[in-house]
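Here the protein sequences come in this chain order: A and B.
Position 136 of the first sequence, counted from 1, bears residue number 136 in this note's numbering, the numbering being contiguous throughout.
Position 428 of the second sequence, counted from 1, bears residue number 428 in this note's numbering, the numbering being contiguous throughout.
No wet-lab data here; the hints were simulated from the structure.
Note that the structure is predicted; figures quoted are calculated from it, not measured.
From the three backbone atoms N, C-alpha and C, an ideal C-beta is built for every residue, glycine too.
Don't take each hint at face value.
As the list claims (entries may be wrong) - A short, non-exhaustive set of chain B residues, derived as facing chain A with CB atoms under 10 Å:
| hint | residue |
| --- | --- |
| 1 | 101 |
| 2 | 182 |
| 3 | 192 |
| 4 | 273 |
Said to hold, decoys possible - A few chain B positions that, by computed beta-carbon distances, are all more than 12 Å from chain A:
| hint | residue |
| --- | --- |
| 5 | 20 |
| 6 | 158 |
| 7 | 163 |
| 8 | 230 |
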Amino acid sequence: MLLKPEARLSLFGELPMTVFPLLKSAAIAAVLLASTAVFASAKDVTISVWAGGSGPNDNYRVDAIEVAADILEREAAIRGEQLNITVQKTPYSGWEEFKQAITLAAEAKKAPNIVATGHEDIGPWAQSGLIVPIEDYVDLDSWPVSDIYPNLMEISSFNGVVYGIPQDAESRPFFFWKPYMKQIGYTDADLEALPAKVEKGEYTLKNVLEDARKMQDKGLVQAGYGFYPRNSNGPDYWQFYTSFGGVMEEEGKLVFDKAAMKRTYQFFADAVKNGVIKKNHIGMPGDQWWKEVATGKAGIWHGGTWHYARLVNQEGLKDFFDNVQFTLIPAGEGGKANTLTHPVVYLLTAGHTPEETQIAADLVKIASEPRINALHAIKSAHLGISEAETKVDLYAGDRWASEATARLLPHANAMPNNADFGKYWTIMWKNLEASWTGAKTADAAASDAEAELKATLGAAIIIR
Amino acid sequence: MKTSRMLGLVMIAPAAIIILLFFLMPVILTAVFAMTNMSTATGISAGAYQVTQAAVNRLKTDMPELAAGISEPRFVIDEDGLTQLDALKLKPGFTAELRASHLGEVFLSRREAERMIKSLKERPSTREVKQISDVFNRSVMNTRFEDRAALMESLAKLGFKLSPQDEEKVSRATYTGWIWTADNFRTIANSQDMGQILLNTGFYVAVTLLLFNVGYALLLAVTTHYMPASTASVFRAIWLLPRITPVVIYVLMWKWLTWDNGFISLFMGLFGHPPKNYLLDSAGSAWFFVILINGFIGASMGMLVFSSAIKAIPQTHFYASEVDGANRWQQIRYIILPQLRWPILFVTCYQTLSLLASFNEILLSTRGGPGRSTEVWSLAAYHTALQNYTGNLEYGLGAAMALVLVVVGVILSLIYLRVFRYDTLVTKPLIED
Chain A
1 MLLKPEARLS LFGELPMTVF PLLKSAAIAA VLLASTAVFA SAKDVTISVW
51 AGGSGPNDNY RVDAIEVAAD ILEREAAIRG EQLNITVQKT PYSGWEEFKQ
101 AITLAAEAKK APNIVATGHE DIGPWAQSGL IVPIEDYVDL DSWPVSDIYP
151 NLMEISSFNG VVYGIPQDAE SRPFFFWKPY MKQIGYTDAD LEALPAKVEK
201 GEYTLKNVLE DARKMQDKGL VQAGYGFYPR NSNGPDYWQF YTSFGGVMEE
251 EGKLVFDKAA MKRTYQFFAD AVKNGVIKKN HIGMPGDQWW KEVATGKAGI
301 WHGGTWHYAR LVNQEGLKDF FDNVQFTLIP AGEGGKANTL THPVVYLLTA
351 GHTPEETQIA ADLVKIASEP RINALHAIKS AHLGISEAET KVDLYAGDRW
401 ASEATARLLP HANAMPNNAD FGKYWTIMWK NLEASWTGAK TADAAASDAE
451 AELKATLGAA IIIR
Chain B
1 MKTSRMLGLV MIAPAAIIIL LFFLMPVILT AVFAMTNMST ATGISAGAYQ
51 VTQAAVNRLK TDMPELAAGI SEPRFVIDED GLTQLDALKL KPGFTAELRA
101 SHLGEVFLSR REAERMIKSL KERPSTREVK QISDVFNRSV MNTRFEDRAA
151 LMESLAKLGF KLSPQDEEKV SRATYTGWIW TADNFRTIAN SQDMGQILLN
201 TGFYVAVTLL LFNVGYALLL AVTTHYMPAS TASVFRAIWL LPRITPVVIY
251 VLMWKWLTWD NGFISLFMGL FGHPPKNYLL DSAGSAWFFV ILINGFIGAS
301 MGMLVFSSAI KAIPQTHFYA SEVDGANRWQ QIRYIILPQL RWPILFVTCY
351 QTLSLLASFN EILLSTRGGP GRSTEVWSLA AYHTALQNYT GNLEYGLGAA
401 MALVLVVVGV ILSLIYLRVF RYDTLVTKPL IED
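Can you make the complete structure from the sequences, with help from the hints?
This is the structure in structure tokens:
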């Protein structure tokens, strides 16, 4: 900008009189500069966290990180550092979309800092370098990590390296609709004793089919509603394989027990043949499934501890304990009663600066403290990750959490962390579905699974 | 002349570039991916070298000695490590204390070694603990090497002198990334399920094409041809609705119709039938609805093409035939159909390819169920490569499946051109010579 000559003249001519305003503006400038210098020393970090399988009750999977960020900021302030953490939360209600999104984002180098996912992803993700070991950033001997149940820490490891911190635990019970059980001849005392009978192997999967049939024959439930399993693929189905004597992994090698798998396939094929399971059950709308089990349309079903939250909070089943009994998954031929825990774990992804990853790790560590983790455990009816958590009032005062922990958790298995497990699972499920819908006999399905496992996994799987 | 040719090239360049980028490149990349075993577990970028328990197991048969030698983690506090530690320029107290009180100690796991390091007086941070333990690592177990040379160097330091062949074996057993392979095609050829999916696809394409995309479209075009113009356009507009409704909403409406508490169930309930999910009741009912859902969309395109082709037939042909006493059927048989050969070829060819490749309606309605009875090839490729419950995305196998689809599409197009005698359709009319 050019000044007119007069203006320039007056500017210089009145110099003494402008000294004060000049000083003033200089002072303001200095203050402004100084304040930006303060802001420059403050650290702004954005930490993104994605969680899979997070319905309306699971908001603390991501919210806990936000709570942790608040605490970490305060701790930094006490040390005299200004740390501003923005937590970007992305919960996904399903698993397919979530795993697709995370895998593709990571391949495009746009992975979030923290991921809450099923522990079985550790194997493949660690192998492909998508995640970094959390033990590189968190001292495993320090509280609260040192307090976490050792078997859960084991489940968060791969090749002897700890990759994640368990975010929750759970187990997957069988549920019985008490009013119908009474109408087919069980007394209150019988029902009380049922969990123990299941545990001892006195009440088996064979009895489940018989009782389901009785309920249908008496007209208590419609045909196909006697036994009402999960409506989609899930870790649940490995429990039946275990019930029939199957083993998933031994000494780092996957195991396919053909006879046990055949018995598993046969169980579902028989159930369809007897009419206690619907042939087209798999793939039915989830909302419908939930509504039906909550309103007593089904006699016997199975699910997870977190079903309690959904049934009570969303589906309106207020008098849960009057209507429902829960037990381990009963034994089948050649196996024993069991349940499966499928912990969700917090993982740190690769491709971020060490400073960011360190902050992410600190957040995960804080979020794993008993009181914060208990928020998730109780709101979503999952189980706690440490002994101390069970003593937090919120947790200790919750009937479901304490009963389910005692009855189920000691018998819980987990799926193996093995880079090839996903392939095994896909093949196992495909053939279960085929024998369920009658597309293959149980025999053919087990043989096909064996053939495909041999072809795809070769020496990486032991076939019995 | 030369400049005009130049101009032609310039004019076509944008289109050529777009064809190259968006049509040719995907096919080429699919072919490249198809020749690999890429999956979630291998990643897409280059892999690393890691001696895991699984890798040791792989080496056991060929090189038992090496396998035994590297299978145990081992951390030794020695002078070598202390020198390296000094070079890291961490706090000097670490080296001094380690030399004074821990020299010569051997730890059989990383955890034990790190517990000792953590107890040093100067309290190393977690990251420093890792750095320190790394320099005393005297094993390769569970260590991730970014390249082959680093792994071989570490093995050499441990006293394993490997021949080039052995190096090759070790690197193959420990490599975590993807490799070039033709196994995908072998898997496709040998899998029973793939055969079933191929049959599903053939059934789906043939039935939808014959009954709706060509058959019903032809019926609509011919019947509307004989209707008064205004009625005909109303009729055609109605059949266009499935095409212009967003597919998610369109499929949702079918679901409302067929769900357990949908319209059909309510209606059948009046006659005492218990409610059921008609969409997923059985393989047969699922196919019935999948074909209807796709057919109703597909019929509209054929209808438009055929209608305009019929419009293009000179009206005089119809007058003449009526003078000769031809009935409607004879008009269709001898006037309309012969002149519709070209549009029918086009619609058949185009719709075959689009039915082969499209799976969105099936994904939204049955998701390939019940069981996997309505899983068609393109949907299976999508499930394999990009979306499945276990998160085990097999990019290589999925790409191979997609490539099979490309090949099938090309072969079918060639067959159609032959059957419809494309060469006679494009010969120059004699009259203009």
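Hints and how they fare:
no.	hint	in the structure
1	101	20 Å, violated
2	182	14 Å, violated
3	192	6 Å, holds
4	273	12 Å, violated
5	20	22 Å, holds
6	158	18 Å, holds
7	163	23 Å, holds
8	230	42 Å, holds
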